[in-house]
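Trainee: Single-letter residue listing:
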Amino acid sequence: MAEVPATADVVVIGAGIVGNSLVHHLTRLGWRNVVQIDKGPLPNPGGSTGHASNFIFTVDHSREITDLTLDSVRQYQEMGVFTQSGGFEIARTPERMEELRRRMSSARAWGIEAELVSPEFVKDKVPFIETDQFIGAFWTPGVGVVDSLRAGTIMRERALATGELTVVPTVEVVGLDTEEGPHGRRRITRVRTTGGDIETGTVVIAAGVWSPKLGDMAGISIPLTPAVHQMISVGPCPQLAEKEGEISFPIVRDMDTFCYERQHGADMEVGSYAHRAILHEPEDIPSIDQAKLSPTELPFTSDDFDPQLEQAYELMPELLGAEGAEMRYAINGLLSLTCDGNPILGESEVAGLWTAAAVWIKEGPGVGRAVAEWMTEGHSEIDLHHSDIARFHQHQKRREHTRLRTTESFIKTYGIIHPGEQYESDRDQRLSPMHASQQKLGAVFFETAGWERPFWYESNAGLLEQYGDAVMPREHEWDSRWWSPIINAEHLRMREAAAVIDLSAFCIFDITGPGALDTVQRTCVAQCDVAVGKVVYTPVLDAKGGFRSDLTVMRLGEDHFRVVTGGAHGMADRAWFAGHLPDDEATTLTDLTDDVSTIGIWGPRARDILASLTSDDVSDAGFGFLTCREVDVRGTTVLASRISYVGELGWELYVPMESAADLWEALLEAGAPHGAVPAGIGVYGTTGRIEKGYRAYGAELDSERTIVEAGMQRPKVKVADFVGKEAYLAQREAAPAAVLCTLTVDDHTSASGMKRYMLGGEPILTADGRTLTDGHGHHPYVTSAGSAPSLGKHVLLAYLPPEEAVLGNQLAVSYMEELYPVTVGSVDATPLLDPDNERIR
Amino acid sequence: MNALDVLVCVKRVPDSTSELVLTEDGQGVDGRFAGFTMSQHEQCAVEIAVQVAAATGGAASVLTLGDGDAVEQLRAALAVGCTAATHVVADSQQLGPADVAREIAAVVRAHEADGRPHDLVLLGHDAADTGDFQVGIRLAYELGRPVVNGVTVVSVEDGVLTASGDGPDGHETYRVPLPAVVTVLEGGVEPRYPTVPGRMKAKKVPVEERGLAGTPAGAARVRWSLPPAAPSDVQVLGKGPEAAPAVVDLLEQLGVLAR
Numbered sequence: 001m002a003e004v005p006a007t008a009d010v011v012v013i014g015a016g017i018v019g020n021s022l023v024h025h026l027t028r029l030g031w032r033n034v035v036q037i038d039k040g041p042l043p044n045p046g047g048s049t050g051h052a053s054n055f056i057f058t059v060d061h062s063r064e065i066t067d068l069t070l071d072s073v074r075q076y077q078e079m080g081v082f083t084q085s086g087g088f089e090i091a092r093t094p095e096r097m098e099e100l101r102r103r104m105s106s107a108r109a110w111g112i113e114a115e116l117v118s119p120e121f122v123k124d125k126v127p128f129i130e131t132d133q134f135i136g137a138f139w140t141p142g143v144g145v146v147d148s149l150r151a152g153t154i155m156r157e158r159a160l161a162t163g164e165l166t167v168v169p170t171v172e173v174v175g176l177d178t179e180e181g182p183h184g185r186r187r188i189t190r191v192r193t194t195g196g197d198i199e200t201g202t203v204v205i206a207a208g209v210w211s212p213k214l215g216d217m218a219g220i221s222i223p224l225t226p227a228v229h230q231m232i233s234v235g236p237c238p239q240l241a242e243k244e245g246e247i248s249f250p251i252v253r254d255m256d257t258f259c260y261e262r263q264h265g266a267d268m269e270v271g272s273y274a275h276r277a278i279l280h281e282p283e284d285i286p287s288i289d290q291a292k293l294s295p296t297e298l299p300f301t302s303d304d305f306d307p308q309l310e311q312a313y314e315l316m317p318e319l320l321g322a323e324g325a326e327m328r329y330a331i332n333g334l335l336s337l338t339c340d341g342n343p344i345l346g347e348s349e350v351a352g353l354w355t356a357a358a359v360w361i362k363e364g365p366g367v368g369r370a371v372a373e374w375m376t377e378g379h380s381e382i383d384l385h386h387s388d389i390a391r392f393h394q395h396q397k398r399r400e401h402t403r404l405r406t407t408e409s410f411i412k413t414y415g416i417i418h419p420g421e422q423y424e425s426d427r428d429q430r431l432s433p434m435h436a437s438q439q440k441l442g443a444v445f446f447e448t449a450g451w452e453r454p455f456w457y458e459s460n461a462g463l464l465e466q467y468g469d470a471v472m473p474r475e476h477e478w479d480s481r482w483w484s485p486i487i488n489a490e491h492l493r494m495r496e497a498a499a500v501i502d503l504s505a506f507c508i509f510d511i512t513g514p515g516a517l518d519t520v521q522r523t524c525v526a527q528c529d530v531a532v533g534k535v536v537y538t539p540v541l542d543a544k545g546g547f548r549s550d551l552t553v554m555r556l557g558e559d560h561f562r563v564v565t566g567g568a569h570g571m572a573d574r575a576w577f578a579g580h581l582p583d584d585e586a587t588t589l590t591d592l593t594d595d596v597s598t599i600g601i602w603g604p605r606a607r608d609i610l611a612s613l614t615s616d617d618v619s620d621a622g623f624g625f626l627t628c629r630e631v632d633v634r635g636t637t638v639l640a641s642r643i644s645y646v647g648e649l650g651w652e653l654y655v656p657m658e659s660a661a662d663l664w665e666a667l668l669e670a671g672a673p674h675g676a677v678p679a680g681i682g683v684y685g686t687t688g689r690i691e692k693g694y695r696a697y698g699a700e701l702d703s704e705r706t707i708v709e710a711g712m713q714r715p716k717v718k719v720a721d722f723v724g725k726e727a728y729l730a731q732r733e734a735a736p737a738a739v740l741c742t743l744t745v746d747d748h749t750s751a752s753g754m755k756r757y758m759l760g761g762e763p764i765l766t767a768d769g770r771t772l773t774d775g776h777g778h779h780p781y782v783t784s785a786g787s788a789p790s791l792g793k794h795v796l797l798a799y800l801p802p803e804e805a806v807l808g809n810q811l812a813v814s815y816m817e818e819l820y821p822v823t824v825g826s827v828d829a830t831p832l833l834d835p836d837n838e839r840i841r
Numbered sequence: 001m002n003a004l005d006v007l008v009c010v011k012r013v014p015d016s017t018s019e020l021v022l023t024e025d026g027q028g029v030d031g032r033f034a035g036f037t038m039s040q041h042e043q044c045a046v047e048i049a050v051q052v053a054a055a056t057g058g059a060a061s062v063l064t065l066g067d068g069d070a071v072e073q074l075r076a077a078l079a080v081g082c083t084a085a086t087h088v089v090a091d092s093q094q095l096g097p098a099d100v101a102r103e104i105a106a107v108v109r110a111h112e113a114d115g116r117p118h119d120l121v122l123l124g125h126d127a128a129d130t131g132d133f134q135v136g137i138r139l140a141y142e143l144g145r146p147v148v149n150g151v152t153v154v155s156v157e158d159g160v161l162t163a164s165g166d167g168p169d170g171h172e173t174y175r176v177p178l179p180a181v182v183t184v185l186e187g188g189v190e191p192r193y194p195t196v197p198g199r200m201k202a203k204k205v206p207v208e209e210r211g212l213a214g215t216p217a218g219a220a221r222v223r224w225s226l227p228p229a230a231p232s233d234v235q236v237l238g239k240g241p242e243a244a245p246a247v248v249d250l251l252e253q254l255g256v257l258a259r
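Protein sequence lines correspond, in order, to chains H and X. Under the working numbering, the first residue of the first sequence is numbered 1, with each subsequent residue one higher. Under the working numbering, the first residue of the second sequence is numbered 1, with each subsequent residue one higher.
Don't read these hints as lab results, they were simulated from the structure. Among the clues, some could well be false.
[What the hints assert, rightly or not] With beta-carbon atoms standing in for the labels, derived distance ranges:
| hint | chain 1 | residue 1 | chain 2 | residue 2 | range |
| --- | --- | --- | --- | --- | --- |
| 1 | X | S225 | H | H183 | 27 to 37 Å |
| 2 | H | E400 | X | L251 | 44 to 54 Å |
| 3 | H | H183 | X | D91 | 25 to 35 Å |
| 4 | H | A543 | X | P245 | 40 to 50 Å |
| 5 | X | T23 | H | G321 | 34 to 44 Å |
| 6 | H | E314 | X | D91 | 49 to 59 Å |
| 7 | X | V89 | H | F121 | 49 to 59 Å |
| 8 | X | R32 | H | T7 | 31 to 41 Å |
| 9 | H | S425 | X | V89 | 29 to 39 Å |
| 10 | H | E314 | X | K239 | 50 to 60 Å |
| 11 | X | K239 | H | N33 | 18 to 28 Å |
[Claimed, not checked] Computed cross-link-like contacts, DSSO-like style, restricted to lysine-lysine with a CA-CA straight-line distance of at most 30 Å:
| hint | chain 1 | residue 1 | chain 2 | residue 2 |
| --- | --- | --- | --- | --- |
| 12 | H | K544 | H | K716 |
| 13 | X | K203 | H | K412 |
| 14 | H | K755 | H | K412 |
| 15 | H | K213 | H | K440 |
| 16 | H | K412 | H | K213 |
| 17 | H | K412 | X | K204 |
| 18 | H | K725 | H | K544 |
| 19 | H | K534 | H | K755 |
| 20 | H | K123 | X | K239 |
[To be verified] Derived, one-sided and incomplete: chain H residues facing chain X with beta-carbon distance under 10 Å:
| hint | residue |
| --- | --- |
| 21 | I288 |
| 22 | L293 |
| 23 | G321 |
| 24 | A325 |
Predicted model, so just to flag it, every value in this text is computed and none were measured. Ideal Cβ positions, reconstructed from N, Cα and C, are used throughout, including at glycine.
Let's have the full structure, built from the sequences with the hints guiding it.
Mentor: Have a look at this one:
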């Protein structure tokens with residue numbers, strides 16, 4: 001057996017599907033002196049990979065997860081460990097059928113072959129299924145099963161063949177040592193193990209359910225929880241035993257009972273996500289010696305499974321009740337869950353300490369490749385921002401948060417999740433100073449980054465009558481769930497008079513010191529070497545020219561810049577800027593998110609309202625667009641920034657937390673005579689923005705999109721160097737492979753006569769329903785959708801193939817498997833409303 | 001042949017096939033990691049009960065003494081063919097073997113009084129946790145019935161029970177009249193796994209609940225302790241294909257491979 005080496009360029013902790021994939025891709029990308037350790041034996045060290053059901057359904061509503069899955073399938077196929085079986089997701093209810101239609105949208109958007117089929121179609125391929133138990137199914141022929149242990153061995157052996165990998169099994173990590181680096185950021189220096197210490201500057205924790213325990217050793221939070229997924233194996237079933245090989249029948253996901261039936265040789269495996277959430281602490285997982293089967297195959301609790309047994313039996317009575325078919329294996333298998341359902345990938349706050357955890361078999365090899373690319377080049381081909389460990393806010397790093405959220409979401413594993421759906425548990429973590437006032441106004445709160453943000457105010461319900469059909473009411477329950485026509489009423493009032501909007505969720509940080517200018521210049525695309533008092537809106541790119549973010553930077557002094565960015569992605573942005581600080585200790589980054597509140601006021605009357613509260617000059621001549629300065633508002637010093645994300649004249653007002661409630665009240669009070677109302681994020685994030693064609697990070701913008709494709713290029717590129725400049729310059733020279741367009745829906749009438757409104761994610765097709773493909777080989781889909789009440793239109797944003805990006809071009813959007821005509825209204829960032837931006841001035 | 005009524009007695013115990021973990025107070029085994037089960041001997045006793053009942057057109061019932069969780073073991077026996085269940089609700093840690101024997105006897109007598117006499121009572125040879133080896137003999141004494149200990153195969157013909165197993169001096173076969181008590185050692189029968197319909201049926205069988213019939217004398221146990229870990233003796237049999245003959249020899253030696 002190999003000894004634990006004294007030094008390594010990188011140590012990968014874990015030999016499950018993720019760790020094995022990582023060592024393969026790291027060595028492939030040129031890493032040398034790679035060490036992989038696991039506390040268990042090989043090839044099955046006892047983690048979740050060892051008991052996985054190993055099947056892969058390719059269609060997910062998330063593009064990121066789908067792309068990782070498709071890449072994994074390609075890798076499994078290349079290794080010869082993928083067996084295609086096809087898979088059905090069956091619907092027992094009309095609501096589920098509608099969800100399967102929505103799944104068709106995702107399948108079309110991601111270019112995956114799929115079809116809605118009848119129970120008879122299913123019966124033809126799965127003869128032992130009872131067709132009277134369900135009403136239809138979603139058929140994905142490309143579904144299959146893999147041998148994940150074999151795949152792991154193959155990838156490990158490929159890495160070993162490079163001569164750069166040392167694998168040491170049955171060695172347990174007992175400590176992760178760090179030392180203090182510049183700006184107080186620690187970095188990893190050593191892995192201590194039961195087999196000796198390894199000096200190293202790079203470590204990856206790929207230890208699945210044990211990852212939080214390892215994270216604790218280095219003082220970082222890896223917020224996942226081990227959770228039970230129950231599975232039984234029934235056999236031998238004669239109907240299965242007579243077939244050759246591991247799998248001959250398609251896998252059935254019984255979506256409404258949260259179960260699946262998957263053939264495994266002569267046995268039928270029945271797995272369940274229907275039971276109560278059974279969560280464990282990583283410290284309570286048995287050791288290999290203590291465990292009866294493996295540490296992640298815990299004793300089966302049959303009471304929890306009994307209801308599912310009955311439902312599975314109803315679906316397949318002849319098979320599961322066959323003579324001689326016994327329940328010969330049953331486990332409470334442990335897998336990893338996170339508060340938002342996404343993996344935990346990327347470099348932690350400890351420099352050199354990476355994570356790759358909470359990954360399913362279906363994503364394993366794809367994650368291994370993507371994280372290895374990220375470690376090697378600083379970015380990955382597949383955008384991973386939903387999975388970035390940097391995304392977690394402080395309140396999300398608590399084990400309690402993970403426990404509460406996964407308890408709530410476990411039962412939704414096969415659930416029907418509305419795109420706007422809100423969590424119920426562990427709310428009220430971050431309340432703005434205006435919260436009490438907002439509650440009185442009947443605010444309906446949605447959560448972003450722990451902040452409770454009003455999406456609309458019931459106090460504005462009276463506006464509905466005033467605006468009538470202009471609020472574009474939605475008849476269908478699904479279209480109007482987590483939505484209110486009051487949003488559109490607030491919008492119309494803002495365009496008519498003014499709106500006051502709470503923006504406390506902004507993530508705000510200051511960069512100060514002699515290296516401040518250099519730091520923002522190197523991270524931002526736009527020219528930041530501007531006069532003090534200027535406001536700069538800028539993309540932030542990675543080295544390959546994909547979006548890291550888009551945000552605003554204010555120059556508050558020669559050596560003082562303030563960065564303001566969205567709450568959802570703010571922690572990752574902060575980490576990005578912190579990572580680009582010079583090593584000198586004089587230049588610092590200070591997070592002001594919890595000290596400064598932001599209130600926006602926009603609309604034609606915004607200037608009158610602000611002027612009524614201050615004696616400072618707020619005229620256009622005295623306070624121009626894209627400038628900022630301190631003003632005195634009723635005795636409180638407020639940093640006002642003249643900028644707009646809703647296309648109106650107005651300001652973002654940055655105010656100390658303790659004075660924010662007073663400012664809020666003052667604005668509402670002074671605004672009332674002018675017709676101003678409080679407006680929610682429904683206006684700020686969707687209706688106001690979409691009328692102006694403003695792009696949103698995470699929707700239109702991510703690391704797979706470029707400035708040119710997003711139509712955001714400026715005539716000139718600054719001379720100063722910045723991350724992604726070389727790639728950006730090349731992108732400007734080349735013809736774009738896709739073009740971000742704004743489309744309007746021409747007719748909303750469905751076959752039933754009811755008007756339907758798209759919510760985002762739907763595929764854009766030719767007018768007669770044929771697939772479109774852009775220069776990347778991707779298919780267009782709706783990145784944002786929303787009402788544009790001032791236009792009386794429902795507006796969609798989508799990246800189209802360049803040849804389709806023509807003003808007036810007639811296409812179609814597919815929604816719930818029906819086509820609706822759409823027209824291209826803009827082929828660049830030109831807004832549909834007020835194209836000359838006169839309202840902003 | 002007369003239809004036979006068989007009662008099989010089982011005990012909820014921590015699964016002991018992996019490393020044992022004691023509870024903090026030393027009064028029991030912590031089954032958190034390995035789970036709870038009935039002993040291998042009892043699983044075989046259940047299998048024999050079901051087979052004997054089926055062979056004679058009779059019925060098998062199951063009995064346990066334990067806390068509320070012990071119902072899981074009753075359901076497990078019901079899922080593989082028992083058709084009735086009795087739960088004597090008590091903390092089994094507080095009872096000694098004499099107490100348990102007396103309680104089982106009380107149930108047997110009560111059932112008999114209700115017109116449901118048990119012709120044969122089967123037990124495991126010993127419980128996997130306490131290992132007292134006493135309950136079967138004490139029960140037979142209480143009931144005044146013949147008892148056979150530590151057998152692996154049981155059959156009944158014309159009211160005569162034949163039980164056999166390996167003894168210290170060779171294979172032993174006993175013939176005893178019914179009613180009788182038999183304690184079973186694993187190895188003679190292959191316990192079946194539950195079927196899906198069996199498990200569903202088991203869920204619906206009502207469980208007869210009873211309290212203790214007498215005041216327990218107690219187990220008189222001070223605390224448990226674990227023996228020191230056995231030294232692990234690793235012998236490398238060879239490397240690669242050359243090791244194959246040595247592996248085959250070893251498997252034969254262990255009796256898992258017949259030549």
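Trainee: If a hint holds in the structure, say so; if it does not, say that too.
Mentor: Verification of the hints:
For the pair S225/X and H183/H, the supplied restraint of 27 to 37 Å is violated, since their beta-carbon distance comes to about 54 Å. Between E400/H and L251/X the CB atoms are about 51 Å apart, so this pair conforms to the stated range of 44 to 54 Å. For H183/H and D91/X, the hinted distance range of 25 to 35 Å is not satisfied, since their beta carbons lie about 60 Å from each other. One distance hint, 40 to 50 Å for the beta-carbon pair A543/H and P245/X, is violated here, with the actual separation near 58 Å.
The hint said 34 to 44 Å for the Cβ distance between T23/X and G321/H, and at roughly 40 Å that hint holds. Take E314/H and D91/X: their Cβ atoms lie about 39 Å apart, and the range 49 to 59 Å is violated. Between V89/X and F121/H, the C-beta spacing of about 52 Å keeps the proposed range 49 to 59 Å intact. The supplied range of 31 to 41 Å is met by R32/X and T7/H, whose beta-carbon atoms lie about 40 Å from each other.
Under the hint 29 to 39 Å, the C-beta atoms of S425/H and V89/X, about 36 Å apart, fit the expected range. Range check, E314/H to K239/X: Cβ separation about 53 Å, and the 50 to 60 Å hint holds. The hint said 18 to 28 Å for the Cβ distance between K239/X and N33/H, and at roughly 26 Å that hint holds. Between the alpha carbons of K544/H and K716/H the distance comes to roughly 19 Å, so the proposed pair stays at or under 30 Å and holds.
Straight-line distance between C-alpha atoms of K203/X and K412/H comes to about 27 Å, which keeps the hinted pair within the 30 Å bound. As the CA atoms of K755/H and K412/H are separated by approximately 28 Å, the hinted pair is consistent with the 30 Å bound. Distance restraint check for K213/H and K440/H: the Cα-Cα separation of roughly 44 Å exceeds the 30 Å cut-off, and the hinted pair is therefore not satisfied. Taking the CA atoms of K412/H and K213/H, the gap is near 27 Å; set against the 30 Å cutoff, the hint holds.
Of the supplied pair hints, the one linking K412/H and K204/X holds, its CA atoms being roughly 29 Å apart against a limit of 30 Å. A C-alpha spacing of about 9 Å is found between K725/H and K544/H, which places the hinted pair at or below 30 Å, so the restraint holds. Only pairs whose Cα atoms come within 30 Å are accepted, and K534/H paired with K755/H is rejected, the gap being roughly 46 Å. Using a Cα cut-off of 30 Å, the hinted pair K123/H and K239/X is violated, with the two alpha carbons roughly 51 Å apart.
Hint status for I288/H: holds, given a least beta-carbon distance of 9 Å to chain X, under 10 Å. Checking L293/H against chain X: minimum C-beta separation of about 9 Å stays under 10 Å; hint holds. The interface hint given for G321/H holds, since its Cβ lies 5 Å from the closest Cβ of chain X, which is under the 10 Å cut-off. Satisfaction of the interface hint for A325/H is found here, the shortest Cβ-Cβ separation to chain X being roughly 6 Å, below the 10 Å cut-off.
When the structure is compared with the earlier hints, violations turn up for hints 1, 3, 4, 6, 15, 19, 20 and for no others.
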